[in-house]
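Line by line, the protein sequences are chains Y and Z. The numbering used here applies: residue 74 is where the first sequence begins, and numbers increase by one. The numbering used here applies: residue 74 is where the second sequence begins, and numbers increase by one.
These aren't lab readings, by the way, just hints derived from the structure by calculation. Treat each hint with caution, since some may be false.
[As the list claims (entries may be wrong)] For lysine-lysine, the following DSSO-like pairs were computed, each having C-alpha atoms within a straight-line distance of at most 27 angstroms: (1) 428/Z <-> 297/Z; (2) 258/Y <-> 158/Z; (3) 145/Z <-> 198/Z; (4) 403/Z <-> 158/Z; (5) 145/Y <-> 258/Z; (6) 145/Z <-> 258/Y; (7) 403/Y <-> 258/Z.
[Stated by the list, open to error] If you anchor each label on the Cβ, the simulated ranges turn out as follows: (8) 282/Z <-> 222/Y: 47 to 53 angstroms; (9) 277/Y <-> 475/Z: 41 to 47 angstroms; (10) 282/Z <-> 170/Y: 42 to 48 angstroms.
Heads up, the beta-carbon is just placed ideally off N, CA and C, and yes, glycines get one too.
There are 2 protein chains.
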Amino acid sequence: MSEHHVVVVGAGFGGLETVRGLAGAPVRITIIDQRNHHLFQPLLYQVATAILATSEVAWPVRYLFRDRPEVKTILATVQGVDTAKREVLLSDGQNVPYDTLVLATGARHAYFGHDEWERYAPGLKTLEDATTIRRRMLTAFELAEREADPARRQALLTFVIIGGGPTGVELAGAIAELAHVTLVKDFRNIDPHRTRVVLIEAGPRILPGFAEDLSAYAHKALEKLGVEVRTGAPVTECAAGHVVFGGETLATGTILWAAGVQASPAAQWLGAEADRAGRVKVEPDLTVPGHPEIFVIGDTAAVAAPDGKPVPGIAPAAKQQGGHVAAVIKARLAGKAAPGPFLYKHSGSLATIGKRAAVIDFGWIKLRGWPAWWIWGIAHIFFLIGTRHRIAVALSWLWIYMTGHRSARLITQGRGREEIGSPAE
Amino acid sequence: MSEHHVVVVGAGFGGLETVRGLAGAPVRITIIDQRNHHLFQPLLYQVATAILATSEVAWPVRYLFRDRPEVKTILATVQGVDTAKREVLLSDGQNVPYDTLVLATGARHAYFGHDEWERYAPGLKTLEDATTIRRRMLTAFELAEREADPARRQALLTFVIIGGGPTGVELAGAIAELAHVTLVKDFRNIDPHRTRVVLIEAGPRILPGFAEDLSAYAHKALEKLGVEVRTGAPVTECAAGHVVFGGETLATGTILWAAGVQASPAAQWLGAEADRAGRVKVEPDLTVPGHPEIFVIGDTAAVAAPDGKPVPGIAPAAKQQGGHVAAVIKARLAGKAAPGPFLYKHSGSLATIGKRAAVIDFGWIKLRGWPAWWIWGIAHIFFLIGTRHRIAVALSWLWIYMTGHRSARLITQGRGREEIGSPAE
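Isolated chain Y, as found in the complex (with noise of 0.2 angstroms):
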């Protein structure tokens, strides 16, 4: 096969746009994933929160592309890049020559050098996560429910989310209503109206991206949902059944990681610099410097949008960076010049609060409310793939509406009673 070779590592939303952008060019294409399957992040909140199903939010990679048979998909975990002799090195030994890469690795939680909280402040980016977290939160009830002691009970009836950005705010929301809404009737001996959740936020106001309106907007729809916000409250301590924040020690069963990301190691692959949060500093063209093959986008990379501020590490920048990818490797097959830097347009930012809020700021337009949550809402089945999903998730959130019922309460694939308030594993 004599054609040229693009690898894709990482098939989250920059990824896939890549692959997409290259149909009918005349390439083979490889896509490498350590998971089987595409996730689409910004509805993960909701299955960690018992809303959805763990397949309502995720698609077998190999069968998105299934009509494509110059794609090819690679269940593999990559652990380097051979850049001399342009290999892609796979944990198995099975290594992937390419003519052109493309690193699209993502982003994992990061702790600000304090990596052991991470035993005790599980964060929330796969599929398992999520439904640890959902374990972890059900099970607290459980535990209260037959808890004698009036201190531990509300302990464990206290939810510490750390960040207040639209991920903490999104799962503080959702936890709420989860205690205050779903869980009323459920219970005999614990009044799940007495649950606590708490968001923390380091920053002087949550939603620090937004405009300043929108935070105390969030702030105030927070409240009314029974969340109490701490901010200017940065946390010095994480631990078995408490954290510390602001000088306060709160008794906690469960801790929330919400507050910040760290790129996957593609620069360390690439002996390429990166900035403090581990993203390769990319040309404007989105190239790796010295390496015109080499491709890095979405959270691994580090660009600066045109107003001078670094892109945000959302999905629509990943997939704007893979498009624009997609085009210069076509360009560059086809003979023709390069389409220039990589331009990033900020579409906009949105956060919901609970199931009848949301914010929305566009720059231009700043929504907020119930229209602003219409808004969220079919924006998101918009851009979730296939008729299948759409229909799914249309039906989950229809019914809670509705009923303030939630279908995924399960507790499995863990440890349970014993993992509350200890380490995660």
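Start from chain Y and add chain Z according to the hints.
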């Protein structure tokens, strides 16, 4: 609380039906289960084969009785019964006193004295079993896609199901369709049509509980789907990478066990007499000999039907027994005469073969082919709990029927590649 306290251990079909039957009775009820959900086991094979999502066949137990304030749900593991003190002993030390006790604790797989086979041939009883089987099957295809050695590739593409009862037949049909319909366009190096699905039955025919002509029909229908049916072939060895049956050794990456069950240890808790499968030999009214205050029902009880045959371990039988127990308890509390011995009424035997055929043996009438499939499908949707689940399952089936695509093809929660052909966790 001086009210009569009924403790029900196990939230399966028998336990739930007992609680339902006691609605309005002057009792308080405690349900104890080691899982937080009731599981619709008849459709569990569809979770294992990526047709349904986990949340489509499971309901939180406490949610089912949210409108019955006299019903309390406890998530806990029972480790014994103190019949003298009338207390259920929990593994965490918080014992639960009872006036009447109903043990409906079900069964697990039995390996006929070969417990070491469980590591190589996992069975299907819990949601975790189903996601484990799903992961192992899908991973086998992924590994086969990357395997250069033809013999090893064919072993990875060989799926062995041990046991020709309804579960084995349904698993075999669903795996054959997964390979020969769902996956055909998704791989580049392997041809999923070359997948071997081998169903092994020690006895002379599959579906021994059905009429002979229905067994013969099911045998042919499976072969039409590409399943190799091997009857009269007892398994003599399960190991990492192969199975030995009828003197033949077959190399395989995936062995599934559907050959037999062993009752839960209720007999040991009670010091009661049990049959070979560990089931408590109960009185005709389902009480334990010498303990009129203790009932044992469902897969944990050995009961004879009016025709002298043992009552089968199926959902309708457990439900009938649960209903009977509730009637006995109510009669006692009302000071009325006992309703007499439990009389099992067999409503029929059902099994599906893929998505277009089924066999139903009502005794007085026998059905096969697509009419049987439709009756099977409608009956199962009817018996699901709640509109939400009925719509979701109907939608999933409709979609697969029309497109052949399964939405729950997720490899999650596992060690992944390393575990194929090696012991199950």
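_Hint by hint, where does the structure go against what was stated? Just the numbers, ascending._
2, 9 and 10
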